[in-house]
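Participant: Given next are the chains, with one letter for each unit.
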Amino acid sequence: MTLNSEDLHQIAKIEKDKQDGFQHRIHVCVAAGCLSCGSGVLMDALGKEVNRRGLDNWCQIKGVGCLGLCAEGPLISLATSGTYYQGVKVSDVSDILDALGGNPVGRLLCPADTAFFKRQVRIVTENCGRIDPERIEEYIAESGYESLYLALTQMTPPEVIEQVTRSGLRGRGGAGYPTGLKWTTVSKAISSTKFIICNADEGDPGAFMDRSVLESDPHRVIEGMAIAGYATGASQGYIYVRAEYPLAVKRVRLALAQAERLGVLGNNIFNTHFNFTIKVRLGAGAFVCGEETALIASIEGRMGRPRPRPPFPAEFGLWEHPTLINNVETFANVPPIIRKGGKWFAGIGTEKSKGTKVFALAGKIVNTGLIEIPMGTPLRDIVFAIGGGIPGGKGFKAVQTGGPSGGCIPEQFLDMPVDYDSLLQVGSIMGSGGMIVMDETSCMVDVAKFFMEFCMSESCGKCAPCRVGTRQIYDILCRITGNQSTPEDLAMLEDLCDLMKNTSLCGLGQSAPNPVLTTLKYFRDEYLSHIHDRTCLAGACKTVVEVS
Amino acid sequence: MKEQVPNPGNTPPASSKPAEDHRLRMVNRTMQLYRNQSHALIETLHTVQESFGFLEEGVLKYVAATLRVPLSRVYAVATFYHSFTLKPPGEHTCVICRGTACYIGGSGEILDDIREKVGIVSGETTPDGQVSLLVARCLGSCGLAPAGVFDGEVTGKLSPEVVLEKIGRWQTHDPQ
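These protein sequence lines are chains A and B, in that order.
One point on numbering: in our numbering, the residue at position 351 of the first sequence is 477, and numbering is uninterrupted.
One point on numbering: in our numbering, the residue at position 132 of the second sequence is 203, and numbering is uninterrupted.
It is worth saying that the hints were derived from the structure and are not from the lab.
Hints should not be assumed to be uniformly reliable.
Unchecked claim - Here are some chain B residues the structure puts well away from chain A; computed CB gaps all over 10 Å:
#1 Ser122
#2 Gly124
#3 Gly129
#4 Pro159
#5 Gly190
#6 Glu195
#7 Thr196
#8 Pro198
#9 Gly214
#10 Glu224
What the hints assert, rightly or not - For lysine-lysine, the following DSSO-like pairs were computed, each having C-alpha atoms within a straight-line distance of at most 30 Å:
#11 A/Lys376 to B/Lys228
#12 A/Lys244 to B/Lys228
#13 B/Lys237 to A/Lys215
Fair warning: this is a prediction, and the values are worked out from it, not measured in the lab.
For glycine and all other residues, C-beta sits at the position ideal for the given N, C-alpha and C.
Whole structure, please, built from the sequences with the hints as guidance.
Facilitator: As structure tokens, this is what we get:
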């Protein structure tokens with residue numbers, strides 16, 4: 127079956143009419159965060175109660191993707207009045223239904239006019255919390271697959287790439303490579319077979335943006351991949367997603383089946399000559415598989431070990447064919463760019479970092495959850511205005527961005543705009559968007575040790591600097607936090623970090639010293655007090671020396 | 072490993088009881104889906120683990136033969152990825168998240184307490200075969216740190232006491 131634009135509009139219209147038919151629409155967040163505090167049961171209870179009262183045609187109960195404020199789950203929103211309720215329990219169901227159309231239930235009210243909601247600019251997450259991720263019709267009702275139609279029927283592949291280039295979009299996986307440039311390289315590669323890979327192997331501990339996007343709006347990523355396929359001349363795609371995200375896997379598979387059934391994936395999409403199919407591949411718990419050559423090895427059914435680049439995957443990738451690899455969030459940005467134009471996108475953000483970025487706020491912060499903000503928003507605003515500051519009246523110490531490859535940013539840089547280049551300047555990276563806030567009770571040496579332990583166990587073992595270096599650095603950090611270090615250890619630590627950074631084969635090893643280097647730079651006194659005074663300034667490490 | 076099949080070739084492991092037949096059927100189905108091509112290895116191992124609970128040696132040999140992959144590579148892949156385990160799991164599984172947010176939130180203390188009071192570390196099972204402990208890199212439930220998964224159910228805002236109580240109940244078969 128092939129679709130045309132009238133069919134799309136028809137589906138959208140039917141869906142819209144159906145929604146307008148309801149007096150009230152209650153959206154229950156069924157993303158993983160709220161599900162784990164019981165939103166599934168809550169949704170069932172709401173449905174049953176609506177049914178019992180015979181209000182089925184008056185009030186709609188709908189499961190939606192992430193509403194953002196994960197800390198206060200389960201969250202529900204009343205789409206018709208814009209009210210948010212937080213921490214809702216099954217026992218609250220009657221009160222909520224009673225209050226429809228009147229005054230909201232005061233004790234459950236979640237203030238929606240706070241900076242957390244107001245400061246956000248939603249592009250990637252525009253549908254999160256608004257549509258049912260398990261129904262393609264709802265995505266289509268929100269202009270879904272219109273961009274694909276536009277690209278296929280009214281634009282040539284170079285024109286599509288031109289829009290992406292003009293938008294200034296940079297890879298959201300962390301390194302920030304210009305997306306338009308990557309697409310151009312793949313499109314110029316000469317081969318009859320090319321591949322598109324969506325990197326959804328979100329391995330950074332503390333990052334859950336990609337999971338949220340896949341759980342809340344999977345069709346957006348699929349559409350982005352199909353547009354990329356058209357622009358670069360590829361007809362097959364893979365979504366490489368972590369097996370640890372069962373809900374995301376389930377919703378992506380469902381979305382793919384729906385897209386195929388409707389004909390927005392498959393052969394002769396929208397009656398054109400363009401064919402595109404997508405398969406899902408499961409990761410198996412290896413952080414290094416986020417590196418593109420390791421990811422390719424994993425899809426090929428081998429151990430996920432990187433290989434030297436060049437040749438880059440854009441020329442020599444999956445099964446030796448040119449391959450375009452982009453992150454979930456990058457693909458999710460593509461449909462709005464095509465729909466609204468590259469110029470529109472370039473108007474958001476800073477000079478060199480365009481658009482918005484989704485961050486996962488976690489750690490010692492009041493509003494943990496998912497936020498999307500324009501590039502260049504000052505760090506202070508993120509932590510204190512949007513994030514609500516540090517709980518328990520404790521003092522702020524640092525923000526960790528970029529996961530194990532990033533660094534800790536101290537208080538003195540709080541007024542720094544958050545974009546690719548500013549973060550790089552202070553020794554951290556954008557990374558995929560995890561942002562962990564630490565307060566005065568966190569020991570920075572211990573944090574560095576935590577990340578080094580992570581890199582040590584995730585090192586694939588192929589190159590010696592990473593395999594041996596992570597182990598040695600970890601041992602030194604253990605000695606320091608265990609109060610058994612000598613002053614020479616510090617010099618050795620710096621030497622090793624330098625060596626690893628310059629001689630490791632892939633990004634994992636090259637960036638693994640970053641947490642150590644930034645904490646050494648900004649929190650050197652904590653290292654020194656461990657070494658010289660045998661005390662932990664934060665009081666986190668056990669201070670008693672046990673010399674055997 | 073209980074079944075030591077010398078060289079099974081392309082025949083299913085000898086341990087096939089009716090119940091296991093069903094499990095093997097799932098494995099066969101995955102391999103057939105990819106027309107027994109070697110790149111189906113990881114997908115197949117996922118299915119093996121899903122249906123058998125762990126990667127049994129006999130089944131690994133069978134998979135190697137069917138996909139025409141050297142057994143050494145099957146073993147390499149099975150041990151390279153953290154999701155795969157070669158040991159049979161206990162009756163109950165407790166996964167503690169050690170992502171950054173959970174670590175900052177105190178999952179380290181929970182793991183320390185389990186080690187001290189229950190006597191197992193990550194990847195181990197209690198001697199009575201009741202409880203297996205695993206550590207997750209990040210469950211993505213950072214808003215609920217520290218989080219864990221108890222027999223497939225994600226639970227957030229954990230404390231050492233809550234976790235120890237839960238494990239204790241499993242070990243004493245307290246059905247609450």
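Participant: Hint by hint, work out which the structure violates, then give me just those numbers in ascending order.
Facilitator: Structure breaks hints 9, 10.
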